Amino acid sequence: METAKALHTITVEMTTGMLVLSTLAILILTWQACFSGETTGKYREAFDGIALFGALIGTVLLILAIVTGYRQWPIEAFMSGTIAKNKIFAGYMALAFWGAFLAVRLSAGKPLWNRKGLSLLSMFLALGGFLSIVFTASIGGTLAGKPSGFEEVARVFVETRETFVLPLGLNILLIVIAVAAPVFVFFWSDKRSKR
Amino acid sequence: MLSPFIVKEGVWNRLRGWVSVMGMIVVLVALFTIETAMAQERKNFSIPDDLAAQLKVKVAYNDNEVFFRFEWPSEPKGYYHDYLHFEGGKWVKTPGSSIGSHPLKLYEDRVSFLLDDGSVRYFNSAGGYITIHERMRFLSNQSPKGEVKNHPHLGVKKGKSDVRKYNPETRKSGRWEDVVSESELKRLKKNGVFLDLWMWRAHRGNPIGAVDDLWIHEYRNGDKGKSAYTTNWDNKKNQPKFMFDSEKTGFHALKWDDVINHKLSQKDFYFLSYKIAKPFDPNHNWKEGDTLPYRILRQPEGSRADIKGSGLWKDGSWRVEMRRLLNTGHDDDKQLHDQRRYTIAFAIHKNYTGSRWHHVSFPMSLGMGVDADIVARKFPGEPPPWDKIPWTRLTLFYPGQVTWEWLIGSEHAGAAEVVNGHACAGCHTAELMGKYSVEHETRDNLLGRWKMTAISGFIFVIGLAVAGVIAARRSN
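Residue numbers (numbering that gives the first Met the number 0), protein chains in the order written: chain A, 0 to 194; chain B, 0 to 475.
Some clues are possibly wrong.
[As the list claims (entries may be wrong)] No farther apart than 20 Å at their CA atoms in a straight line, the calculated lysine to any residue pairs in the SDA-like style are these:
(1) Lys-145/A - Cys-423/B
(2) Lys-434/B - Val-157/A
(3) Lys-115/A - Val-468/B
(4) Lys-450/B - Ile-82/A
(5) Lys-148/B - Arg-174/B
(6) Lys-145/A - Ser-245/B
(7) Lys-4/A - Cys-426/B
(8) Lys-450/B - Glu-158/A
(9) Lys-185/B - Gly-117/B
(10) Lys-434/B - Phe-156/A
(11) Lys-434/B - Ile-82/A
(12) Lys-450/B - Leu-23/A
(13) Lys-450/B - Lys-115/A
(14) Lys-109/A - Val-465/B
(15) Lys-109/A - Ser-474/B
(16) Lys-148/B - Ser-160/B
Hints were generated in silico from the structure; no laboratory data involved. Nothing here was measured: the structure is a model prediction, and the numbers come from that model.
Starting from the given sequences, assemble the full structure and let the hints guide the process.
Given below as structure tokens:
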């Protein structure tokens, strides 16, 4: 059990570090794409490399962190613990956001940063992933019996001591957006290519 | 061969918008169905508005007696309890202990505490939680009456029809049915392995200065002797047993309007006791709205009469005092000694609630002249010099349906700590316990909603990713 705890702590620390690095690089690249108009250069190449490398390694480590996290308690304890459920939720959201970023980046390649829309989408995904990972890491200390104090910061925005649930309407809205966004992009890009 | 199954591109282009819309409708209907199915009715379910409550305590003792003083805010008048009113030519009883707050606001307030001298395992760390068990009365999964009535010990021997608080050491397993042998029960009691329960009741005792004396063993038992109240109903004649003696009170019955609208003060006769009662006269000219208390108060006797007390409701707060001999000489009491430390856990019932709809404290240490969470001060003579004794302020919380079996089971992440005697207060604060209790009580519904939130969040991000990938591929 102690080994699993130590392993989880190490993977969480490394995950956070990698993903913070990637987030910073993505923020810089998005700023360049949207405001500076810079489309080439060795710094841009380097930031793209950092963003991709950080996201790839960070996501692999995140999966490891989730796996080692599950070793801490029985699954039924996770499912009945308020903070634990919130931590799982934030962990999986982080995985979804970073997985999504990687899918977009690997599909678009380096030219991603030449397109404002895709750059902004990447920044949104990275920030979502970053906030999720910060949230899940900040409440982990409380679960381990060693609160870091960051949870109190997180509680300013979200009550971590209540299971995080969205109203049904908002759940539906998210799914509608999820279905509508690809359909919209498909038709919109179709029309653009016909023009 | 396959041509009938291949949709022409032009047809697909026309249909894909409709297919998307239909897909979304199917998803919405599925979600709505899932949510409706999850919001199913639960038995004995009611969440109070206030998940926390405040209680102030002072304790003092002299050479013979111990004195408790309590104060807590309780906005509504909570000294009305169980009545019979004449309606349509017959006597109708108001509902008894209800789910949550009493529908007619006719249920008494209470302050009570469990007391132990270190004999009961886990009481000093988990407090009253050790007495709450699966399938107890008023839990959502309570045992049916018939099941309890047929139980050889609780039903056949003791004549009970419900499962109430018990010490887990009186069971062979985590099931209420597995009561240890009679000889083992006797041995445990002889060794002091039980909890003393003091309960001040605003109606069923307070008007005559009595405090109920109970003890928790294999059941929530009353001490030997006679309680301060009994029922004012004759089952054979289907009528009340007693009515007010008009020579002493000036009336035969209360008015329903005065009772239901809480118009009576504590100086009025809102209760019935043998001192002010006479046998019920069915030939009296009873009128619509005549009201009689369903409980009649009497002088308690034996060990059940050990505790005296009085309470006054004023300015939206109760002020209650209790007193008892340090050593009652009775084997169903915990005797108190100078310079010793005890464990005590408090509860209050307010807002017309009974049974489990109370607010409870974590267990605390009570020091008789020694350092503790609550220090009882020694003084000569009486009354205690209350002004010189500081209040101990406690935050009480709604305990929900958390049972001892759940606390030490695999669903509770802190189960190992509980089993190792780690105090609940070591991991949780009283301020948050009410929230956790509600989370626990609603966990089935909550888990479904949580999964739905997680799935929709996940789908949302994946949808964005797919949109991004489409855009990226098209641009390439």
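Results for each hint:
1. For the suggested pair Lys-145/A and Cys-423/B, the alpha carbons sit about 16 Å apart, so the restraint of at most 20 Å is met.
2. A threshold of 20 Å between alpha carbons decides the hint, and for Lys-434/B with Val-157/A the separation of about 15 Å falls inside it, so the pair holds.
3. The straight-line distance between the Cα atoms of Lys-115/A and Val-468/B is roughly 15 Å, inside the 20 Å bound, and the hint therefore holds.
4. Only pairs whose Cα atoms come within 20 Å are accepted, and Lys-450/B paired with Ile-82/A is accepted, the gap being roughly 15 Å.
5. With a CA separation close to 16 Å, the supplied pair Lys-148/B and Arg-174/B stays within the 20 Å bound.
6. At most 20 Å may separate the alpha-carbon atoms for a hinted pair to count; Lys-145/A and Ser-245/B exceed this at roughly 68 Å.
7. Annotation: proposed proximity of Lys-4/A to Cys-426/B holds, straight-line Cα distance about 19 Å (limit 20 Å).
8. The suggested pairing of Lys-450/B with Glu-158/A holds, with an alpha-carbon distance near 18 Å, which does not exceed 20 Å.
9. Pair hint Lys-185/B plus Gly-117/B holds up; C-alpha atoms about 18 Å apart against a cutoff of 20 Å.
10. Distance hint between Lys-434/B and Phe-156/A is fulfilled; the C-alpha atoms sit about 18 Å from each other, no more than 20 Å.
11. Between the alpha carbons of Lys-434/B and Ile-82/A the distance comes to roughly 12 Å, so the proposed pair stays at or under 20 Å and holds.
12. A hinted pair counts as satisfied when its Cα atoms are at most 20 Å apart, and Lys-450/B with Leu-23/A does not qualify at roughly 31 Å.
13. The straight-line distance between the Cα atoms of Lys-450/B and Lys-115/A is roughly 34 Å, outside the 20 Å bound, and the hint therefore fails.
14. Distance restraint check for Lys-109/A and Val-465/B: the Cα-Cα separation of roughly 18 Å lies within the 20 Å cut-off, and the hinted pair is therefore satisfied.
15. Only pairs whose Cα atoms come within 20 Å are accepted, and Lys-109/A paired with Ser-474/B is accepted, the gap being roughly 12 Å.
16. A hinted pair counts as satisfied when its Cα atoms are at most 20 Å apart, and Lys-148/B with Ser-160/B qualifies at roughly 5 Å.
When held up to the earlier numbered hints, the structure conflicts with 6, 12 and 13 and fits the remainder.
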